[in-house]
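In case you want the letters, here they are:
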Amino acid sequence: MKTFRMGGVHPEENKISNDAAIEVMPVGKQMVVLMNQHLGAPATPVVQKGDKVKVGQLIGEAQAFMCANVHSPVSGTVLKVDTCKDAFGLSKPAVYINVEGDEWLETIDRTPDIKRECTLEPKEIVAKLKEMGIVGLGGATFPAHIKYSIPEGKKAEYLIVNAAECEPYLTSDYRVMMEHAEEVCIGISILRKALGVPNAYIGIESNKPLAIAHMQEVARGFEGIVVEPLKVKYPQGAEKQLINAVTGRRVPSGKLPIDVGCVVSNLGTTFAVYEAVQKNKPLIENILTVTGKELPSQHNYIVRIGTTYNEIIKHSIGELPATTGKVISGGTMMGKAVVNLDAPTVKGNASVLVIGEKEARRAPETNCIRCGKCMHACPMGLEPYLFSALVKNGRTEEAKEHNILDCIECGCCFFSCPANKPLTDEIRLGKNRVRAMMAAKK
Amino acid sequence: MTHDILIAVLVLGALGVLFAVVLYIVAQKFKVVEDPLIDEVAEVLPGANCGGCGKAGCRAFAEACVSQGNMEGLRCAPGGDAVAAKVAELLGCAVVQGEPQVAVVRCNPANCGDQRRSNYDGLRSCAFQNTVYTGEGGCPFGCLGCGDCVAACQFDAIHMDPERGVPVVDADKCTACGACAKACPRRIIELRNKGKKDRRVYVSCVNKEKGAVAMKSCANACIGCGKCAKVCPMEAITIADNVSYIDYTKCIACRKCVTECPTKAIKDVGFPTPAVKPAPKPEAVEVPAQPVAEPVKA
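Residue numbers (the working numbering), protein chains in the order written: chain G, 1 to 442; chain L, 1001 to 1298.
One chain only, chain L, in its complex shape:
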C-alpha cells in the first residue's frame, strides 16, 4: 500500500521537476524585457485613453515616454502640469511645462432657433449632414449642430446649447484632449491657450467666403476686412482666405480688436462684465434683447 503511494508521489514529483525545468528554459529563451518604469509611468497617467496625445492610449504614451527617455514633444493634456511633473520625476528629466489649453468653438451663428433657414431631419450626425448641404443656419462653414463633438468627449465637457444649436465648452472640465476638434467635420473647434485668469479673445468664425457672401450666410461672420489686424498692438492677427486668425501665443487680450470688429465676430471670454450698468432710462424699453445677449457671451 505505502509502496503504491510512494510510486505515485515519485512519478508526479519527477514530472513536476521536468516541467519546471522546461518552463524555466522556455521562460529564459522567450523573455520579454519590459522596463518596469513603463508600468510606473502608466500608473500616474489619468488612464482615460482619450488619445489626445496622439498615441493609441495611456499605456502607449507611457511606452513612448520611457523609450524616448524625456518628455520632449509628449504631453498629456488631461493630466496637465501635475502629471507632467510626476512623469518627469520618474524619468529623471526636465519638466516640459505647457500652457493649459481649452477647446474653443469658433462659430457664433446668427441664424439659429427660429431664424434657421432650413429644417434638417435626417440622420443626427454632423459628418453625414456635412456631405448633404450647408446645414440649417445656411453657412457652409458653420456648426451643423448634431453634436458629433459632444459624443466624442469623454470628460462631459462639451454640451449643445439647445437654443443656439452650437456646442458650449465647460472650461473647468475640458482637458484639451482634442477629441472634439477631430470629430468636427468642419474643423470649427480649436485648442487654444486658456489665457491668464481664463481670459481669451478669439475669432468666432471660420467662414472662408468673400465678405459679402459671408455676410449673406451669417450676420456674425468674419468678413476678412482686416480692421482687427490694424489695431492689434502685438501683430498677433493675420488674415488668410478672408478669415482673421488671432495667434494665441502673441495675444495679450487687450480687446482692441473686439471693439473694432464690425460684425462682432471676435469674442472675448472670461472678462468681467462692464460695471457700467446704469442705462435703464430709455434703452431698456427699446432693446429688451440686450440683457439676454450678455450671459450667452460670458
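Looking at chain G on its own, in the form it has when it is part of the complex:
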C-alpha cells in the first residue's frame, strides 16, 4: 500500500461519527458573516445597513489579489457592517444579517438532479470559482481561483484529491464520499478540465474500506479517475506527503507542488466546485462534524457559514458536558482551540470537537533527552529538537539555514516527544522570526 517515505505518526483514529448521516442544521435568527474567511486580505463589504439580501448574494468582494468573495448564507436584512470577535477573540470585520425567511437567488439551481456535463472553458471555470468564493476546505482556506490558475511556464500533470482525512475524529469528508460520490467525481472532472490534466487520483486512507469501495464503484463511470488506497499514517493528507505517496515525487525545499507537476485538492473542495460550477451555488455552507468521546451523540451536519459554535452545540447535543476541557475547530493534531463560542463559523471549519478535561491538558514539560523521536516522526526530514534550541537562544539565522520554513506544522514532533516539549509551538515561533528577519532584509 502506498504511503509517504519519511516520518509520520499514528494517533488514535477515533472516527466515532463515521455512521452519522449528514443532517441539515436549521438557520438561526441572526447571522454574522466574517469578511476574512480565507487566507489573505479580508473581503470588502458591498452591502450597507438596511439592504435586503438573498441567499447566495455577494456581500463581500475580493479586491486584493489574495482574497475570496463572501456570499450571504441567509436571506434577510443587513443589520450592520461592523466588527465581530472571531473564534480566537480577535476583532474582524463582519456583516450582521437579520434572518427573514429563506429566499434564494433565482440563479442557484436547488433541484436534487445531478448535472454531469460541464460546457465551460478552463478559463471560465476558474472565473466561476472566483465568483463563487471557493477556497480550499482542507484547512488552509487558500483561494481556489489562485490555485487553479497555473503560472506561465508550469504544467500540471496530476490532480490529486486528498480524501485521506488523516486527522483523528474528523468524518465530514468520509460522509461526503458516502453520500455525494458522483458529485465529487464530477467536481474532479471539472478541475481536470480547468487544469488540462487527463488523470486524477483520489487518495483515501485504508481505514475507510467502505468509502474506497464506493468511490471505486462510482469512479468507474469516469475515465481517468483512480482511487488510491493509502496506508493509515498521519499526515497522509498533507499536500507534500500526499504527492510523495501517490506519485513518488518529492517537492523540493521552498518549492510548490506545481513545480513537480502536481495540484492537490481537498475532497470537500471538489464537492464545493461541483456545486459552484454546475449548480451556481456559492460557498455558503460547511460540512461539519460534531464529535467527542464524551458527547451523548455524534453528528455530521451541513451548516450555513455564520452559524455560531454555541448554536451548533445547542442544536446537536444541547449543552457541553460538564467535563469539557476544550472545544477544537479541526482535528486533534492541527486543529485550533476555540476560545469564543459565540463566534461564527467560517469557510473551512471542519468540526466542532469536544475534548474532555483530562485529554485537553498538556503534560508538564521536561528536559530533552536527545532520543531523536521527533526527527524520526518529522515527515519533512527536519530536526525539531535542534530548532527548539535555536529558537530558545534567538539563533534565527541558523534556524533558517536548517530549513525551518519547510515545517508544515503537522504536530508529529510534539506528539512523539517523550519530554512533552512544545516543539511545534517553538518551530512556529521560529518561523515567524525567520519571516520577520527576511522581511526586514528586503
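Some hints could be false.
[Stated by the list, open to error] The list that follows gives simulated cross-link-like pairs (lysine to any residue, SDA-like), each with its CA atoms no further than 25 Å apart:
1) G/441 / L/1092
2) G/293 / L/1118
3) L/1055 / L/1191
4) L/1216 / G/293
5) G/421 / L/1273
6) G/80 / L/1050
7) G/336 / L/1124
By construction, these hints were calculated from the structure, which means they are not laboratory data. Owing to the predicted nature of the structure, the values given are computational and were not obtained by experimental measurement.
Fit chain L to the known structure of chain G by using the hints.
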C-alpha cells in the same frame, strides 16, 4: 666551539633585526588610528551592553559619541545624568540633561487569577501566544503574561506579579533601557518620565477597540470617552483610536483625570495614600476587598 656559538647568535640576531624591520613597516603601513578617547569614554559607561541607546553595545555608543564630538541625541539611559556628565567632560561638550525615565506597564487586567476566560498551556512565550489568540484575559490588546519582558531585562527590574499575571516594574532598579518595551509583542510597555518625587499618572490601557467592545474585553479598559481630556488643565491628554494618552512632558500630575475616569483606567503612582483612614464603620464589613486593592496600586 665559541665560533659556533657566535655564528648562531649572529644568524638569530640578524633574523631578529630583519623581522623587526618588516614588522615595523607593516605596522606603519596598516596602522589603524583609533582615538584614545573612545577607550576613555567606554570606560565610564556602565558596560551592560543593554542596547537601550540604540547602538550595538557600550563600545559602539562610545564610538558614536567620539565621532560626533558631542552628545546630541545620544543618551545612556542606565547611566543617567551622572554618566552623561562624565562623558561630556571627556568630550569637552555641553551636558545634555535628560529627564530620568522608567518603564511603565500599560495594562491593568480585570480578568486575571480565577477570572481568566481561558487557559493557555502552550509555549510560554508572549511572542508566540500573540500569534495564537487574545490571551487568557480575553483582551486582544492586553498583557499575555508569559514574561518576554522579564526575560529581556538585564537589570532584574521587572517581575511577574503571580496573582495578577502582569509584570511589575521596580522603579529603583529600572534604567529605562527599553529592552522590555521592545520585547513586548503588544507594545504595552512604554518609557515615561519618572516625574517629580517619582509621581506619575498614566493611562493603564492600550485597547483600541470601541468603548462597548473594550468594556466587554476588560472592565478596566479605556473606552476613549474623553472625560479626562476635558478636565485636564494642561491639555496633556489626547484621544486617538479610542484610547486616551497622557503626554508626560505636559502632565503636572494634578490627578483630576484619575478621579474623572469612569473605568479606573488611569493610574497614579507614587502618591501618598490618602490619610483619610477612618471609614471602618459599615463599609469595612461590606467591602473587604478594598484594603487589598490599595497596596497593588501603590
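Open item on the list: For residue 80 of chain G and residue 1050 of chain L, compute the direct alpha-carbon distance and say whether it is at most 25 Å.
Closed with: Distance of about 50 Å is beyond 25 Å: violated.
Open item on the list: Just to be careful, I want the Cα atoms of residue 1055 of chain L and residue 1191 of chain L compared with a cutoff of 25 Å; is the pair within it?
Closed with: 18 Å, holds
Task: Restraint status (C-alpha distance of residue 336 of chain G to residue 1124 of chain L at most 25 Å) - done: Distance of about 17 Å is within 25 Å: holds.
- [ ] Take a quick look at whether residue 421 of chain G and residue 1273 of chain L sit within 25 Å of each other, Cα to Cα.
- [x] Violated. Residue 421 of chain G to residue 1273 of chain L sits at ~46 Å, over the 25 Å cutoff.
Task: Hint consistency between residue 293 of chain G and residue 1118 of chain L [alpha-carbon to alpha-carbon, up to 25 Å] - done: Roughly 22 Å between the alpha carbons, so the hint for residue 293 of chain G and residue 1118 of chain L holds.
Open item on the list: Check the hint pairing residue 1216 of chain L with residue 293 of chain G against an upper bound of 25 Å on the C-alpha distance.
Closed with: 33 Å, violated
Open item on the list: Would the hint linking residue 441 of chain G and residue 1092 of chain L be met if the CA-CA limit is 25 Å?
Closed with: Outside the cut-off at roughly 38 Å; violated.
Of the hints listed earlier, those the structure fails to meet are numbers 1, 4, 5, 6, in rising order.
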